Amino acid sequence: MKRTITATVNNNSGVMNRITGLFARRQFNIESITVGMTENPDVSRMTFVVNVDNYRSLDQVIKQLNKQVDVLKVRDITDESTVERELALIKVVAAPQHRSEIEAVASPFRASIIDVGRESVTLQVTGDQEKVEALIDLMKPYGIKELARTGVTAFKRSSKKTTIDNPRYSIIN
Amino acid sequence: MSAKTEIQYAQQTAANEEMKGSSMLIRALAEENVDVIFGYPGGAILPTYDEIYKTGIRHILSRHEQGAIHAAEGYARVAGKPGVCVVTSGPGATNVVTGIADAMIDSLPLVVISGQVATSVIGTDAFQEADMVGITMPVTKHNYQVRSVEDLPRVIKEAFHIATTGRPGPVLIDLPKDVSVATGIFNYENELDLPGYHPTVHPNRLQIKKLQDAVTKAEKPVILAGAGVLHAQGAEELTTFAETQGIPVASTLLGLGAFPGEHEQFLGMAGMHGTYAANMALHEADLLISVGARFDDRVTGNLEHFAPTATIAHIDVDPAEIGKNIETHIPVVGDAREALKSLVEMDGERGDFTAWKNTLHEWKTKYPLWYNEDDETIKPQRLMEEVYEATNGEAIVTTDVGQHQMWAAQYYHFNKPNRWVTSGGLGTMGFGFPSAIGAQFAEPDTPVVAVLGDAGFQMTAQELSILQELNLPVKIILVNNASLGMVRQWQQLFYEERYSNSLFPIQPDFVKMAEAYNIKGSRIDNLEEVRGALDEALAHDGPALIDFRVTPDENVYPMIAPGKGHHEMEGVTP
Ligand SMILES: Cc1ncc(C[n+]2csc(CCOP(=O)(O)OP(=O)(O)O)c2C)c(N)n1
Chain Z
1 MKRTITATVN NNSGVMNRIT GLFARRQFNI ESITVGMTEN PDVSRMTFVV NVDNYRSLDQ
61 VIKQLNKQVD VLKVRDITDE STVERELALI KVVAAPQHRS EIEAVASPFR ASIIDVGRES
121 VTLQVTGDQE KVEALIDLMK PYGIKELART GVTAFKRSSK KTTIDNPRYS IIN
Chain G
1 MSAKTEIQYA QQTAANEEMK GSSMLIRALA EENVDVIFGY PGGAILPTYD EIYKTGIRHI
61 LSRHEQGAIH AAEGYARVAG KPGVCVVTSG PGATNVVTGI ADAMIDSLPL VVISGQVATS
121 VIGTDAFQEA DMVGITMPVT KHNYQVRSVE DLPRVIKEAF HIATTGRPGP VLIDLPKDVS
181 VATGIFNYEN ELDLPGYHPT VHPNRLQIKK LQDAVTKAEK PVILAGAGVL HAQGAEELTT
241 FAETQGIPVA STLLGLGAFP GEHEQFLGMA GMHGTYAANM ALHEADLLIS VGARFDDRVT
301 GNLEHFAPTA TIAHIDVDPA EIGKNIETHI PVVGDAREAL KSLVEMDGER GDFTAWKNTL
361 HEWKTKYPLW YNEDDETIKP QRLMEEVYEA TNGEAIVTTD VGQHQMWAAQ YYHFNKPNRW
421 VTSGGLGTMG FGFPSAIGAQ FAEPDTPVVA VLGDAGFQMT AQELSILQEL NLPVKIILVN
481 NASLGMVRQW QQLFYEERYS NSLFPIQPDF VKMAEAYNIK GSRIDNLEEV RGALDEALAH
541 DGPALIDFRV TPDENVYPMI APGKGHHEME GVTP
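Protein chains in written order, with the UniProt record's numbering: chain Z, 1 to 173; chain G, 1 to 574.
Hints in this document: simulated from the structure, not taken from any laboratory.
Treat each hint with caution, since some may be false.
Just a few of them, taken from the derived set where beta-carbon distance is under 10 Å, the chain G residues facing chain Z [to be verified]:
1. G134
2. I162
3. P444
All values derive from a computational prediction rather than experimental measurement.
Cβ atoms here follow ideal geometry from the backbone N, Cα and C, with glycine treated the same way.
Using the sequences and the accompanying hints, generate a full structural model.
What follows is the structure, encoded as structure tokens:
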């Protein structure tokens, strides 16, 4: 199962190395890591999407992270109400006759065309993982030349009320 | 040998005085009550060695850095204080990596200071540059590279704190040469500021209550005592708890001494070469209370068959150990002594374990450890019994890794804590001899016996120089079977007797080797002379080596073969 975990860590040199080294040697399967400074320049926030077999393995991931001296706080936010975003850049093969079609497909995703070449266009899309993946899938038939994804970054929403309570009819929001 | 050197340098400087990084380091070591450093000098660490020279802080020069780090480990294990090791950059530092990994997996508190090239050339593949922070990241509890002299006092203070609290472990401080000669203000009074480090010492009362309730309800409880009890200095509390509740106790290899070895409730060591009673107790128990043990595979055997009917209670100061290898029903996070103390104070209702005790008693008497004497050779097991008797069970015993280690664990009974020094988790050959040196520094007045294999001894034998130089009275008991005994055993049992590279075609003359260092050496190859030789060596006021020629093809039994469970032991009876 996929879980989203966030951790605040000391913004030291080498802290990223500590964390990725830990994941590698404990055979934890990570899909993505993002890292960046927080409002406090001494502290960074990391967001991991991990793939674990069961809750005991998940527990290990969290405990091993917590054991690091440079890790301040770890939280599994998968089941909480969160704001989750990923950004993807998708370079799609686009002969001139296909461009308007691509634009039309991309527009409900609020994806924007940020670069146009002779045979390709580059789309930028932001959203949760499902939305980003949905757009990537739709672009595949045209031919994806290059793809770059940032991985998910996330934190808890301010309000307790979860958006998951509201029925979602579309992955596009 | 005096236990402590006069630490005059502590008074030499007032607080908040400006000084060089290297002075700060020695000054901080004095603040931490370090009475001995094990190390080896070289270019990048020379400023520190200059300070060692000037201050007279006690420094033991090993003949290889691996010797220094294992000595620091032996010291830490026996003294219950952090071992300190100082080495130079590059090869000096990489030479201690094995010892750091050993200390990590066996939870020994070490503070290792490695010299480093100057900050201006770090990352340029400078002469004797090695990325020690990178190399040791997975095998240290924490590590630092000091980039500015202002940080040095804080880093040292944090290093000692982290090494010794919670689950102990090694901390490395990488010290660039320019930082050690730069000057700054020395202030050691600052409060520690480690927001990401808060070991849980005091266990949750509710969990303690749950555990006690489980004991009261149990019919077949057993305690598995690990080294965590020793690190927490909780041996007394363990004995009190086990006695008042009447719970039998088994021990891990590293936990030996946490519970008296000759106590009637003691079942012996559990695991691959553990006793029948200990292993079967784990297998049949309805309540297994692990205290400061981490369910290592050498203890559990095949996890699928491990303690199939037991409720598992696990007391551990490291929350990550709980649930790591097996599912735990009653987790208790906290210091082993604190947890045991709470249990003793709770003084819960006793359960009725009469039938269980009878079963265990029967197993113990029916299936004791065994070996067959022959008329020709010294049986290594017998040798261990003789060592036990000759030392009245009072010695500190260190071992190397292999068959002799298992025999020492089986036949030397530790009635007191911190008398047993062995490399468990990493199984590091070359550990036994230098760790005995460290142990002797921790307890100058206790006899220290190093039980070594003829192969493992040769990995760090150069440290005989330390014995010679300081007339350190360590007694080396060489269990000489002219082979890599444990490897030979596995090849016999699992590789159809293809003895690939495990039999020594030639051996050095170990007696002459000792004599080359002016150490009393002797060779014993018949049983009649064993005790006399031991008595003589023990009475000798100085180091001694005895090359005991033991049965070359003896195997360690009983045994749980790899992949098997506790109920599938082999070699339980002759
Ligand atoms: C550094 C290292 N290398 C290899 C091994 C694998 N190993 C385990 S026991 C053993 C044989 C040890 O032989 P010896 O020291 O003579 O002890 P014995 O088993 O004969 O008592 C070996 C090679 C190890 N544990 N450590």
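Status of the hints after comparison with the structure:
1. G134: At about 7 Å, which falls below the 10 Å cut-off, the nearest Cβ of chain Z leaves the hint on G/G134 intact, so it holds.
2. I162: holds (6 Å)
3. P444: violated (34 Å)
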